[in-house]
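A.B. asks: Sequence:
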Amino acid sequence: MEVRFLQFGLGLLLLLAAQHAPAIAVPSPQCQMQCGDFDIPYPFGIGDNCSLPGFNITCEVQDGILKPILFNVEILNISLIDSTMRVLNAISTDCYNRSYNKMDYTTWSLNFNDTPYLLSDVHNKFTVIGCSTLAYIANGDGLGGYQSGCVSTCSSLSDLADGSCSGMGCCQTAIPKEMNYYDVTFDGNFNTSQIWNFSRCSYAALLEAEVFNFSTAYISTTEFNDTGTGRVPVVIDWAIRNSSTCEVAKRNEAGTYACLSSNSECVDSRNGPGYVCKCSTGYDGNPYLPGGCQDYDECKDILSCPSGSICHNTVGGYRCSCRAGRKFSEQNRTCDPDTGLIIGVTVGFLVLVIFSFFGYMILQKRKLNQVKQEHFRQHGGVLLFERMKSEKGLAFTVFSEAELIQATDNYDKSRIIGKGGHGTVYKGIVKNNMQVAIKRCALIDERQKKEFGQEMLILSQINHKNIVKLVGCCLEVEVPMLVYEFIPNGTLFELIHGKNQALQISFSTLLRIAHEAAEGLNFLHSYASPPIIHGDVKSANILLDGNYMAKVSDFGASILAPSDKEQYVTMVQGTCGYLDPEYMQTCQLTEKSDVYSFGVILLEVLTGQEPLKLDGPEMQRSLSSNFLSAMKENNLDAILPSHVKGQESNELIRGLAELAKQCLDMCGSNRPSMKEIADELDRLRKLSLHPWVQIDAEMIETQTLLVGGISTGSFEIQAATTGYPTQEGENLPMNPRSSYYAR
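Positions -25 to -1, 1 to 718 (mature numbering (1 follows the signal peptide of the UniProt record, and there is no 0)) are the ones given, in order, by the sequence shown.
Mixed in with the good hints there might be a few duds.
Said to hold, decoys possible - Straight line, CA to CA, 30 Å or less: simulated BS3-like cross-link-like pairs of lysine-lysine:
id, residue 1, residue 2
1, 661, 620
2, 367, 342
3, 607, 620
4, 302, 347
5, 302, 388
6, 388, 342
7, 636, 620
8, 367, 388
9, 100, 275
10, 100, 42
11, 253, 225
12, 275, 253
13, 607, 650
14, 440, 650
15, 402, 347
16, 650, 661
To be verified - Pairwise CB distance ranges, derived in the manner of DEER restraints:
id, residue 1, residue 2, range
17, 142, 269, 46 to 56 Å
18, 222, 132, 49 to 59 Å
19, 272, 12, 24 to 34 Å
20, 559, 439, 21 to 31 Å
21, 172, 278, 34 to 44 Å
22, 326, 386, 35 to 45 Å
23, 290, 142, 53 to 63 Å
No lab work stands behind these hints: they were computed from the structure. Quick caveat: nothing in here was measured; it's all calculated off a predicted structure. Every residue gets a Cβ at the ideal spot worked out from N, C-alpha and C, and that includes glycine.
Let the sequences and hints guide you as you build the complete structure.
C.D. replies: Here it is in structure tokens:
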């Protein structure tokens, strides 16, 4: 075992001599100010009368290089700003000697008693490295003094991580303030005799924590000890300690106050008694020398003044100015406009801008009103108002654009309930909290513009239980908007083709809805004055109200049937799968075009299939074509679902199929009228081989739905008995995903 102690008695002698010094001595020009490339700032110095007491440094040659030495310790750096010094401190080691089967250790102590130096508690930490190591640090003999320890363990190199010093291979602990002495000891109960094959040595030292970074190689090799030739940096706090505080030092009649520069300040030492000197703000240099703190040109610092300003250096500071027309704001550190010179122009300009803005807004509003008035006139609004004045008590409203914008929250996406090629439908709430469906049409037949308003008035007078009520329109926009009553329970298309496979809709229910839709279309064709051709009959345009009564919708986009049959020429309308082939050839839209489309709806009711399957084989995409082929081959069962074949009479199925076949006749004149279709559907509904079986089936369905055995979404189910015979009071689930009105 080898124990080495570095004793620093020289410091004590220097401080004793300082008690007899009458005043602070100023170093002579002959004093050596450098040691090799290292600058020696006062109060440090080399040689007699070249430093303050306790701050004498020697300059020695080591390894052929001049190095500054303080009490046999090499100095790395001296800072007047932080009042710190970095020196090299010896590493204590504890290594297993395999030859002698014992531990060999070398420990070091560092003693700054009676000197101006204290070990920095901020920058230093006691650090221990090893896999079976317990080391202690103490500042005395352990009797009442500071003592602490740090244990570091590991079972293998795989436990370690570079950069981690938390107890696995490496540990650190802080030290207290005012510590001027320390020594290191290793606990003999912790040694590397059992793990020498991967960790032979342990290390302990007080070192600068900021520059230390643990490496796993320190465990398996001697890299830690070899890198700095057995030494590591440690930070020393120094101060003038001949007075306890600045206040005491300034009152010292012996003239030992060390802050000699007139532009310096005294600051109490942070670590231990004493004080240090700093240059005042705006100055830098050496505060321990007369005139040592010189004015610093802050303008050399690009961050002194903000970009665009001019920096002026002053004694002890600087000021920023701005170019003409602007002034510097000390608070914001910016060049702000000099409003005193331009306030009049600014106010005048603002007034001009405000008046111009309001003038522009007024002109734009007038222009917008003119555009709205022109749209209103073009769409027959004037004639409509005259007609409404002459016919009192009309339940028809001409809405302004602003009313419909408010009703739909400015056509918010969340209000969309349907979308198609001809427009978008929004749910809205108008005055009296009335729920409506507002259709923004995508286009309009230019030939119908002038008569549009009156046509809408005629359509609004259609009052039939199976037709959606048209309650109003808006004519102020380029393409008029239609306002219908709101129908809540979705469409026949959703009822037949919906995703809720758990719900089985009885065939009689679908037949009843088809009959009601036929009655509505028959009313449009036969009883409306003038007759109305729908033009886009499809299951998605047959809506279901709160009682699941069928209501034909979207007839507002139809044309009025003129007295001259040859004038039935209009733009192409309709939906693929429902389009009348004769209409596609002649471009003539007639009542029989609606009949063809209704025939496709009957096929949907009969087969449960969609009119068009684009993803299927080319020969099987069209439902109507498949049906006609099956009828021709007398193979109707091939396209019927099992529940229809198993539960319904052949006579009923055959009757409905024959009716659909007649509707789908390629020659329009051979097709039945909607009145004939409605009468036939009424007959088929009453047709049953075993009436009591049908009644019991519908009663079971009604009871099941009323009890709530089947639920879709969060909607409740209500009885649908209004307007129907008792045996037809079916209950159906509300469908929250409605796409009605869309085409």
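A.B. asks: Identify every previously stated hint that the structure contradicts and give their numbers, smallest first.
C.D. replies: Numbers 2, 4, 5, 8, 9, 21 - these are the hints that the structure violates, sorted from lowest upward.
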